[in-house]
Amino acid sequence: MERRDVLKGAGAAGIAGLAGCIGGGGGSSEYPELGNYPVEGDEVTLGFNVPQSGAYASEGNDELRAYNLAVEHLNNGGGWVDMWDDLSSGGILDKTVTSVSGDTATDPATAEESATQMIRSDGAIMITGGVSSSVAISQQKLCQQERVQFMSCLTHSNATQGADCVRYGFREMHNAYMTGKALAPILVDQFGEDQNFYSMYADYTWGTSNRDSMKEFLEERGWNQVEAAPTPLGTSDFSPYMQDVPREETDVLLLIHFGADAANSIPAAFDAGLDDDMEIVVPLYDKIAANAASDNIDGVLGTVDWNWQVDNEYSNAFTEAYREAEGTAPSYAARLAYSATMRYAAAVERAETFYPPEVIREMEDQTYSNTGIGEAEARACDHQSMRDVYVVEGLPVEEQTDDALLSVVGTTDRDTAGYACDAGPAANCELGTYGDEDN
Amino acid sequence: MSDDARTDGGTATADPNLVDRLVAAKHSERFVAVVSLVGLLAMPFLLIDVLGVFDDLIGVGLGGFVGLPTLILAFGIVAVGYNLLLGYTGLLSFGHAALFGAAAYAAGIFSNEVVASPVLAILVGVVAATLLAWPIGFLSIRRSGVYFAVLTLTFGQMLYFYAFGPGAWLTNGDDGYTPFAVPGGAEIAGAVPTSDSLSDLFFDLTGLTLTLTDGLDVTVGYVLTALIGVAAIVTAHRIIKSPYGLILKAIGQNEQRVAFIGMDVFRYKLMAFVLSGVFAGAGGGIYALSKAGLTVHPNATLYWIVSGDFVIMTALGGVGSLAGPLLGAVVFEYIALVVQGITIPIIDFQIGSLWRLLLGLAFVLVVAFFPDGIYGALSSLGERIAERFGTESPTGDGPRPVEDVEETGGDD
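Residue numbers (the working numbering), protein chains in the order written: chain A, 1 to 439; chain B, 440 to 851.
All clues given are correct.
Residues on chain A that point at chain B, a partial pick, calculated with CB under 7 Å:
no., residue
1, T116
2, I137
3, Y204
Between beta-carbon pairs, the in silico distance windows are:
no., chain 1, residue 1, chain 2, residue 2, range
4, B, W573, A, P396, 56 to 64 Å
5, B, W573, A, D365, 52 to 60 Å
6, A, E43, B, L496, 15 to 23 Å
Just so you have them, the derived chain A footprint on chain B, three or more residues with Cβ under 8 Å:
no., stretch
7, 499-512
8, 590-604
9, 609-617
10, 724-737
11, 784-798
Hint data in this document are derived by calculation from the structure and do not stem from the laboratory.
Just so it is clear, the structure is predicted and the values come from calculations on it, not from any experiment.
Just so it is clear, CB atoms sit at the ideal spot from N, CA and C, and this is done for glycine as well.
So here's chain B without its partners, still in its complex pose (with noise of 0.2 Å):
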């Protein structure tokens, strides 16, 4: 059977052994640093210069801009560990701006106040967040269900509230705050503006011109925050792969039969609040390091829909995958940010405030049709490619004609 596979599927690919490695190594970490480290530093190239190439060709802005693989990342990195909350632990929270807004602000104060290191500054945002997250959580998680996402929401609009009033001595209240509001910006170990582009620095170290499109002419920034992106990744996998990560899937699924065998629920839920908040907080204070010089506003970083777009994040792009909260925030943001400004030509229609109902449209499509997401329908599509190149089917039948499966893969 397995000899059929291979003359079979030989004419098709050159080696099917490989796909089959792939197969069995998606689950190493190796492979999932590797993966995410790839797709990271394509992101701004896919978004920026690939997307572009129809600005021109039909005349509808596409592509996106410099500073929003940035963006995209803080909000996805925050979407990633929400899902070990509310993927794999099963709380549904919706006080997550409390953390990211917090961890914002913590890290744009302290690049004014302290030193304007943005890894020092995204350190901060860490810290603040897991040590708000800690009494946050252990106040929330004594109640469940519909109490638990009340209480947390009232958290985070308690904190909303503080920072656009009474507490605008601190954080400037309406008119914003302006993270790393210092002569030259954000500047890693004193030396390199985060703002400078790879080619830029290239070309004052060595002299030659680096030759880079649009989008790979990536900023110093950026490049810090796809690093940080990666180990956020393998984080998050590590914790899933662990003993401890079963545990939490294991509440998330029957809370009570976790209880029966002696394990002590509320503190490992208090535990994936915490570890939650630890990735808010990066994710807040990357945000806060995007916005060098411009501003930080509770608007955007403190308020109850914060929370919300989080939530909507990490269900379209799919509960319980690793990689599923990321690709729900690219489309989310992308949504929000690019597709928002496009005029369709010849009728000359702007989108505008439309985008909301796009967005809606497209959660309520991708839930009705792929319960796992946009990361489960690309991985169920991934599966059938396995299935059929690959030498040892998931299904154990042998691989079908390629007509049958492109059927198949229509219909869904």
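Here chain A stands alone, though its shape is the one from the complex (with noise of 0.2 Å):
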């Protein structure tokens, strides 16, 4: 009761130094208190707030397997913690990582009141997951004002690290801005100069925001915009949006649907006989869209974070550590919540401590290769990864199988999928502060 008073007065006079010097009450501590800093005790609790229910409740489950996987390996080695110089076994810091686990339910409302608790009453050090972009800002935001670490899963809308961009938040996937720099220049090799598109969009940011960059980025190489088309989110029947696409004048159609629309809307497009006018194009696939459109996507390009096919050392380490623990391949979001684990624990590690300005620092403008995407740079300046996109294609159904239901076709490399820190969705980033600087 008494060192809490003591903690406050302090507190409230702005004499955050001292506060450190008592709150850390075992002296370890060279930096004040700040978040859920310093971490009590021999174990370090670490956040993962996923869909569990919900329309993305398969995405989730495949992050919190990655997660699960990746507090095994920092505890007991394995996988990346065995390849990379920074990591070792033993947990992070020698402390034993433990985790609690929150539902999202794909709602940020709940990811929010999730989180609050994990920081709260659990002490979470770090926060990471989430599917869907709304999700991961409004868990940001609150990290933000927590002084907690979060480092984003599954999102891909350009307010992540563009408009609505933390200091404590960090995404390492690619965004719609990116999609639409990487997709253009294939699409416009494989299917010719001077080509009418037709984009079909998920009427909400997300699909907002893709519809300009694929706008953007088509235009600038002389293809032309016949119509953007907008469908309410949670459309279950596509069919008399596909009757509306002019045929005769479209030569290509983009459908900017994630989940269960895209798994709606691209057998809508087959049914509709569009394929037989046009091309169809996904800008960005997901498992749940692949798997359900599986009889559908044979030859439809589109973007991915990562696919395990992908050829390298830290891909085929995590994919086969992934495999052996669940018997299936790994999904992008699985990849994008072990890499996340990983780069944070890897940061704490570099910065031997867990005082958040600090893990922050060092995973600024820090460039890696190590998390099987190729080489990438999270940058200063926006906290997003300057990374290669991956491009990818819908495999016939007869050479389908149940793990490989796209194949890599093209790799967009990093220079020309990233853009400069005052252009694209990083203009409009400010980060806000690390929490450190009134010390």
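Grab the two chains, each in its own frame, and use the hints to assemble them into the complex.
Next comes the structure, spelled out in structure tokens:
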């Protein structure tokens, strides 16, 4: 009781340094209290906040499996822990890694409340997870306030590390802008110059940002947008929308849908016979859509974060470890989850402290090539990883296996897919404070 | 008889007249104001400190977190107003999410575009919800029963889809809107940040340390919220006790009879709807304040499920009682936000998304055994106690021996 009062008094007076000395207890911490720092005891808690119910539960459960695999490797060795110089078994900074998991229900408010509990009740030092950008954004805003690091998982909206970026959030996945930059040259290459394209997009923030990015980069290369047609999120019958596509004028149809929407819209486009008159492109593929529309995805182009068939030592090591644990090949949601945990752990080891501002500085402007996606750079200006973007194509039904519905047809390198700190989404990004500015 | 009771009851309480006076005072406005103020200020202490004892004791995280009481009050105030409509006037609206959400967005947008004042932002929320309640009510109340419910639902869903997609220029759509996204956050009169705790404020003002427990270390924002909560309860109390409230009750019981005595039923129903809109506006404004620097999202404010949540809170707590809906909001949000995160030790089972199942179970049990909700159950228990210890027993029977009371109490 007494100690707390002293802390409060000290905090109010702004003598944060004093609070740190008293708050550290063991005298082992060289930094003041901040967020859930210092980590007391010989365990450190990570919060895995993933959709375990709702539309993206299948991706969420993939993430959770990969998180648990990461914890297992961090504590007992295996996977990337054996390959990264920064990491060794026995936990993070010799503290055993434990975890709490929550259910975001693919809903930003639920995710935020679940993360609040992880931070305030369970003392999580880092939160990670989520499918859908709104969920990532709501969590990272909370994490910025609470001074707890947030490692984004599956989020593709420009805003995540653009207009809504925060100092405490990092994203490795590519965004709509990079999808546009990566896909446009390949589409022009494949289908020729001066084509007319028709965008059908899910009518919410993610859909509109993809629509705008695709338009920007395709028109830059001389293509012409016939029309952009919004569809409400959660549409189950797309056939009326497919009837509206002008067959004579349209050469390429962009289906900007994700998850259940894509699972419905891709078959609807084929049922309407649109594939006879035009090429169909799905700018962002995901596991749910590819599984549900597997009969129809032959030759359909799109981008992914990663695919287990990407051949490099880190990619193969992760795929092997995951396959051994779960019996199936990992989805890209799983890689993002595994990578987020490992990158955070490595940054803590390099910083030699859990003190969030130091861990964040350790990650900023870090160039790395050990997460299975080639060389990447976690930029300091917007905390977005500049990285290669993989372009994939659906396999013909007879060539599909349980693990492989898509094949990687190309990689757009990060110089082509990337953008400067004053361009694209990064131009709207103001990261906010580290939280140690007053010291 | 009165003397008998006095000597009998005197063994258990010091002054049985106190009980009588309390029972008599139960309906006075001052009593309602004092009790609700004490109750709301004690809520953080009860939810965080008292329940938090179990965290260490049995290793189950039953304690609430800082911020939970504000959220509960935001929904509780809406439920209190909603009860005027459902519990008294007998109108089942499924569109209150529209009013609540519109107020939250209006308050949020005001806080960023005009001035980050919590009081003004909540006022803007109230005005927005009231102005919206008027046309929605005007068009919906022409139909009754299911058609009324469906019409209100439709208006709510129209707003939801607008905010989610086409209206994203205003609401930031699915990425969520951040209210009070200004440096320093929400500030009262431009000086005191609402995120300051009372003990910090006290220290800043006096240089002295104020000893408070975790939960009582409430923020300035919560005190503001609690005061608005008290105002809402007192207002609802006054409406219910007024002749106006009597007519609303009469409409709830038999609309035709009210029409026969020459009352304009449509007008009274519309006013009930607009009044409940005022409460929904205050709740929405407080919600925006509680999300300062965080996210207001269409799914959590405008979606039809949120309307359903208000119905459940009201029915769970007790339709047709003043404090019932507030109790309902406490139980609802506690299950949704705290029980949801509990991991049962030994079997290591996390409740997680099963919370809706638990809430459903609690709802079914309460409605099956206590048709008047949690408040009804508590007040009948209270009446038994008053009956036992008071001099004027409501049923006119003499006080019964303690054993009897306990037995019948146990059966309930």
